[in-house]
Amino acid sequence: MTTEVHNEVQTESHVHHPNYVKIWAILVALLVVSVVGSMSGVRVVILIAAFGVALVKAFLVAKNFMHITVEKRFIPYLFLICLAFMVILFAGVAPDVMKHEGLRWSNDAAKHAVQTGMQAAPPKHE
Amino acid sequence: MSTQVQHAEPGVFKKYFWSTDHKIIAMQYLFTGMAMGLIGGYLAYVFRMQLGFPNQSVPGFGIVTPGKYNAVVTMHGSIMIFWVAMPVLIAAFGNFLIPLMIGCDDMAFPRINRLSYQVFLLSALLLLSSFLVKGGAFGGAWTSYPPLSANGAYNLTPIGATLWLLAVALEFVAFLLGGINFTVTVMNSRAPGMKMFDIPFVIWMIVLASVVFMASVGPLIAGAVMLLFDQTMSTGFYDPNRGGDPLLWQHLFWFFGHPEVYVVLLPAMGIVAEIIAVFARKKLFGYKTILYTAWSVGVLSFVVWAHHQFVAGIDPRMANIFSITTLLISIPIAEMVFLYIATLYGGSIRLTTAMLFALAFVAEFMIGGVTGIFLGASGVDIYLHDTYFVIAHFHYTFVPIAIISVFAGIYFWFPKMFGRMMNETLGKIHFWGTVIPFNFIFIPLFMTGAAGDQRRVYSYAQFAEQARPALQHLRTTATVSLLVMLAFQFVFIFNFIWSLRNGKRAGANPWRSTTLEWTVPSPPPHGNFAELPTVYRGPYEYGWPGRADDYWPQDVPD
Amino acid sequence: MSTAAAKPISNTRSDTGIPTAKLITWWVIASEIVVFGGLLVVYIMHRLGHPEWAASAAHTNTWAGAFNTFVLLTSSLCAVLAHQAADAHDGPRAAKLLRFTALGGLIFLVVKGLEWTADIREGFVLSSGGFWSFYYTLAGLHGLHVLAGMIIMLIVAADAAKNQELQRVECIGLYWHFVDIVWIFLFPLLYIAR
Amino acid sequence: MLERYLTAASSYAHSIDQLFLLIAVIVGFWLVLAEAVFIWFVFKYREKDGRATRHITGEEPELHRWITIPHVLVILCDIVIIIPAIMLWYNIKQATPPIDRTVRVIGQQWAWSFQEPGPDGVLDTADDIRTVGELHVTVNTTYRFELMSRDVLHSFAVPAFRLKQDALPGRTITGWFRPNRLGTYDIQCTQMCGIGHGLMAGRVIVETQQAHAAWLMLNSTPPGTGQPAPSAPTAQGATVAEVRR
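Protein chains in written order, with the numbering used here: chain A, 1 to 126; chain B, 1 to 558; chain C, 1 to 194; chain D, 1 to 245.
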């Protein structure tokens, strides 16, 4: 029974392989794009080059190397739910930790750190 | 038990300590958990004595200094949650019941299962060792808030704090291994014919708990690494003067810590459901509805965490959101309890010891549930936060969960585990001797809490309002009740050991129950089933009209 | 864990249609998502709250990071090719490719080691400020996963060479791709954004 | 209801007690009802020979009604509770009434120290009055407090005022209270702060205008005297002051 299941699943999940080498080439090209983009001084370009490209790369790996799209539906959903919880965590924590001031409180120490830090070395791309 | 067996000759060692059999591993978890439970009870005895009879030498401990008091309360909390509730409710019952109830021979990954227990045992030993190190055990409360926990100069127990953190982290690893194993086993290894809604409720709950644990603990594992670096490598993750933020730990801790409450609640609910169904001879009232409410509890538990932090310095506007979600979660829980009560309707209730404990769980948990509303309502929580009202509230949930439901489960499955019945008379004595004093411990604490007694204080001599004799009488009452309750636990221990040898022999199915674990001999042989069963119907088919028996086992064809 | 002991029947069943080994791999990855996710969430909110960290971030060696990304992407390719070979029941080839993958991991760790030595020479250690604490913690946690992946991969390869436990080739591959994806996000977060 | 256990001595203490009472009534009703039905069932359906059990799935509409109706009622009760709860929270922790006077409250291991603006009513001036463990306030005066910590987490709690707010190192958290009853009341620390946690007590003395004025006159000395004794570890002690610069 077991072996049947194995074969059945595995064949079912790899009816036609994507050309892995081609995918790899695209990934490397994207890597180059992100590095080059980061060299350009423009903030927007850097952010897109950094994170936009990262998202695309992650998707390509997940789709073509992990075959997550041909896997049983609940696996990708499981991962999306985990990510959703991380978003909830961010939403709940950021108002206290990311911000340094709020209603009736102010994080003097953090403000102080930012202030002195910026004076010490003003970052290039700010 | 396992720890003693280690020293025996290799044969026994291999059988009882190195085994990959889920039943042996379940026993290892059960006995380790019970041993830790005794330690936790002893710690409770120590600090209750100090509170009831301040500054007198406690028999079996000595004078309770402020530092020792902090260590004792911290360890009591940590042990009872992480080393009693989790291993017994999830790991012990999960390991024992899952393969038997879903009709397969073992866990899907027996060696991972064994590893999980060994990591857990290591974590327990690590925690206990912290009592012996220089400076003593960690005393910064089971929540371990930095900067107190991060800086030895503040907590004065530098080694203890690090040992505590390592022990907790290892414990998380153990339950990740175990929980994932449980989940995979139930998803993949069920008996042919056992569909989603034919799975016994307790199995559902253990799996749901494992998943909730798995999804909530991650950020805290990361946070624990950060705290470890703060302690040992002088980083400043939680140090406000070095760009860190103490509030961050509180958020990470409670993002796990609140789901954790439901991680232990749900298996307890499951155990109680099984027992009520069997002894009321009734199908669970609205099996699917209970399941849906349990799922919604699991999901909602991820969006309520900051109600532990209303006055902790979070932005007050956030408190409103978490206050609403907190009262939302009361709805599915309330519905679950209603459904349990409704299950009794039209039944034929046999009040065995197991059933008494199961019913006591429902009755007592309701009190714990409703008192939670006071604390979820942000306005009132301003006053009640960190008072004994909170302590009484969560003990009215945790004692039913970790003590009462566990006793119910042990009395119920003891025949299956060891092939003999426990003594019912002693059982009933133990029941009344546990449940009545329990209420007399915590009802007085609701009152002292309402009077403003703050938590984690070794003596109220400094506080004129708290030093009133009236309140001291209440504290003494609670302490005396605790002594009574602890005394009656020896009845259980005696009953347990006595029944192992002299209990009435139990047949395969002494309770005339329907689920699969009762179709195998007691105790089940290695490999459980002579031939693996096939499932034809849901788990709670009692009182079918026009059948000779009032129960219809899952594996019997029509 | 690779000793081929008699497996329980529960291990060979597959009610979901996913082989047990693959299913547990998915669950492990899910649990890792929340570990790394939690740490990344925390890092991101600090980074947004502390613009001054950009100055420290400017010191990180983008080229080393980029090269390591390239190495991991390539090793991921080897891993997926190994999986392909395993599907074709070509154990030895799968084992060879897995060992290449592990080699990629080794190169990754060596580069990281050199990079860290340079950082530490410059005086940037774990405790020299918020950014560096996160830099070493994030990369270190990821590095541990790379190391663990390599070890398991070599064990799996040893079995695969004997055409045993071929289903494990895909599982360790999935894990490796996940570690790769984590790095795909760490690279811009630690090396590019400044 | 709470007054029975502890005097209420601030403007919002009474409304907290009222909300407590409201919740007690609502959940008390549900608790009694549920327990009553529960015990009644256990008694009524106890095992009797000759009475077989009934096969009920719980999906039957006429039975499931008995779950859905209380279910809806619970939702209503939750709403009835949550609205006043949030309104109360808003009034205490978000809205700020006109402030008459500002004091600074500083927690450290293991003492509360206070900075009173002195006769000129302005903080950080020469005539500030620094006290340890004793806060003097005037009755029927709205106080704004600035809460800080020198080392670890503390929690500034005055049970009689129904006031509680954690103090975090590196942060300044503000709040308000309006004492409306003369007397001396406890100040607690309700956040675990080390071995001295149980000793970290203080007093708030609510006194009349005249008494307070007299106290001001008596104690308004140039700063330096009456400084809170720094407690180990002092290393962090400086930072709060430093951050304030």
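By construction, these hints were calculated from the structure, which means they are not laboratory data. Being a predicted model, the structure only gives us computed values, none of them experimental. Careful: at least some of the hints might be erroneous.
As the list claims (entries may be wrong) - Here are the in silico distance ranges between beta carbons for each label pair: (1) B:H526 - D:L33: 46 to 52 Å; (2) D:A213 - B:P469: 35 to 41 Å; (3) B:I493 - A:Y77: 30 to 36 Å; (4) A:L80 - B:P469: 55 to 61 Å.
Stated by the list, open to error - Calculated pairs, DSS-like style, for lysine-lysine (alpha carbon to alpha carbon, straight line, at most 30 Å): (5) A:K72 - B:K288; (6) A:K63 - C:K112; (7) B:K134 - B:K195; (8) A:K72 - C:K7; (9) B:K195 - C:K162; (10) C:K162 - C:K7; (11) C:K96 - C:K7; (12) B:K195 - A:K72; (13) D:K48 - B:K23; (14) A:K99 - A:K22; (15) B:K504 - B:K23; (16) A:K99 - A:K111; (17) C:K162 - C:K96; (18) C:K112 - A:K22; (19) A:K72 - C:K112; (20) C:K112 - C:K96; (21) D:K44 - B:K23; (22) C:K7 - A:K22; (23) B:K288 - B:K195; (24) B:K428 - D:K48; (25) B:K195 - B:K23; (26) B:K504 - D:K48; (27) A:K111 - A:K72; (28) B:K15 - B:K428; (29) B:K15 - C:K7; (30) B:K23 - B:K428; (31) B:K23 - C:K112; (32) B:K14 - C:K7.
C-beta atoms are modelled at their ideal positions from N, C-alpha and C, and glycine is treated no differently.
Hint by hint, here is what the structure shows:
1. As the Cβ distance of H526 of chain B to L33 of chain D is approximately 50 Å, the hint placing it in 46 to 52 Å holds.
2. Between A213 of chain D and P469 of chain B the C-beta distance comes to about 37 Å, which sits within the given range of 35 to 41 Å.
3. Here the CB-CB span from I493 of chain B to Y77 of chain A is close to 47 Å, at odds with the stated 30 to 36 Å.
4. Distance hint for L80 of chain A and P469 of chain B: a CB-CB separation of about 59 Å, consistent with the stated range 55 to 61 Å.
5. Simply put, K72 of chain A and K288 of chain B have alpha-carbon atoms about 24 Å apart, close enough for the 30 Å limit, and the pair holds.
6. Note on K63 of chain A and K112 of chain C: the hinted pairing holds, with a Cα-Cα distance of about 28 Å set against a maximum of 30 Å.
7. For the hint linking K134 of chain B to K195 of chain B, the alpha-carbon distance of about 55 Å lies beyond 30 Å, and the restraint is violated.
8. Note on K72 of chain A and K7 of chain C: the hinted pairing holds, with a Cα-Cα distance of about 25 Å set against a maximum of 30 Å.
9. The straight-line distance between the Cα atoms of K195 of chain B and K162 of chain C is roughly 38 Å, outside the 30 Å bound, and the hint therefore fails.
10. Using a Cα cut-off of 30 Å, the hinted pair K162 of chain C and K7 of chain C holds, with the two alpha carbons roughly 18 Å apart.
11. Under the criterion of a C-alpha separation no larger than 30 Å, the hint pairing K96 of chain C with K7 of chain C is consistent with the structure, at around 26 Å.
12. Proximity of K195 of chain B to K72 of chain A is assessed by CA-CA distance (about 17 Å); at most 30 Å being required, the pair is judged to hold.
13. Restraint check for K48 of chain D and K23 of chain B: not satisfied, since their Cα atoms lie roughly 37 Å apart, outside the 30 Å limit.
14. Restraint check: the Cα-Cα separation between K99 of chain A and K22 of chain A comes to about 44 Å, which exceeds 30 Å; the hinted pair is violated.
15. Using a Cα cut-off of 30 Å, the hinted pair K504 of chain B and K23 of chain B holds, with the two alpha carbons roughly 21 Å apart.
16. Among the hinted pairs, K99 of chain A with K111 of chain A is consistent with the structure: their alpha-carbon atoms are about 10 Å apart, no more than 30 Å.
17. Under the criterion of a C-alpha separation no larger than 30 Å, the hint pairing K162 of chain C with K96 of chain C is consistent with the structure, at around 12 Å.
18. A distance of roughly 27 Å separates the Cα atoms of K112 of chain C and K22 of chain A; the hinted pair therefore holds under the 30 Å criterion.
19. Proximity of K72 of chain A to K112 of chain C is assessed by CA-CA distance (about 36 Å); at most 30 Å being required, the pair is judged violated.
20. A C-alpha spacing of about 24 Å is found between K112 of chain C and K96 of chain C, which places the hinted pair at or below 30 Å, so the restraint holds.
21. With a C-alpha separation of about 39 Å, the suggested pairing of K44 of chain D with K23 of chain B is violated against the 30 Å cut-off.
22. Annotation: proposed proximity of K7 of chain C to K22 of chain A is violated, straight-line Cα distance about 39 Å (limit 30 Å).
23. With a C-alpha separation of about 13 Å, the suggested pair K288 of chain B and K195 of chain B falls inside the 30 Å cut-off, and the hint holds.
24. Distance restraint check for K428 of chain B and K48 of chain D: the Cα-Cα separation of roughly 20 Å lies within the 30 Å cut-off, and the hinted pair is therefore satisfied.
25. Simply put, K195 of chain B and K23 of chain B have alpha-carbon atoms about 24 Å apart, close enough for the 30 Å limit, and the pair holds.
26. Distance hint between K504 of chain B and K48 of chain D is fulfilled; the C-alpha atoms sit about 25 Å from each other, no more than 30 Å.
27. Proximity of K111 of chain A to K72 of chain A is assessed by CA-CA distance (about 48 Å); at most 30 Å being required, the pair is judged violated.
28. At roughly 34 Å between alpha-carbon atoms, K15 of chain B and K428 of chain B are farther apart than 30 Å, so this suggested pair is violated.
29. Annotation: proposed proximity of K15 of chain B to K7 of chain C holds, straight-line Cα distance about 18 Å (limit 30 Å).
30. The hinted pair formed by K23 of chain B and K428 of chain B meets the criterion: a straight-line CA distance of about 27 Å does not exceed 30 Å.
31. The straight-line distance between the Cα atoms of K23 of chain B and K112 of chain C is roughly 45 Å, outside the 30 Å bound, and the hint therefore fails.
32. For the proposed pair K14 of chain B and K7 of chain C, the alpha carbon gap of about 18 Å is at most 30 Å, so the pair holds.
Of the numbered hints given earlier, the model fails hints 3, 7, 9, 13, 14, 19, 21, 22, 27, 28, 31; all others are met.
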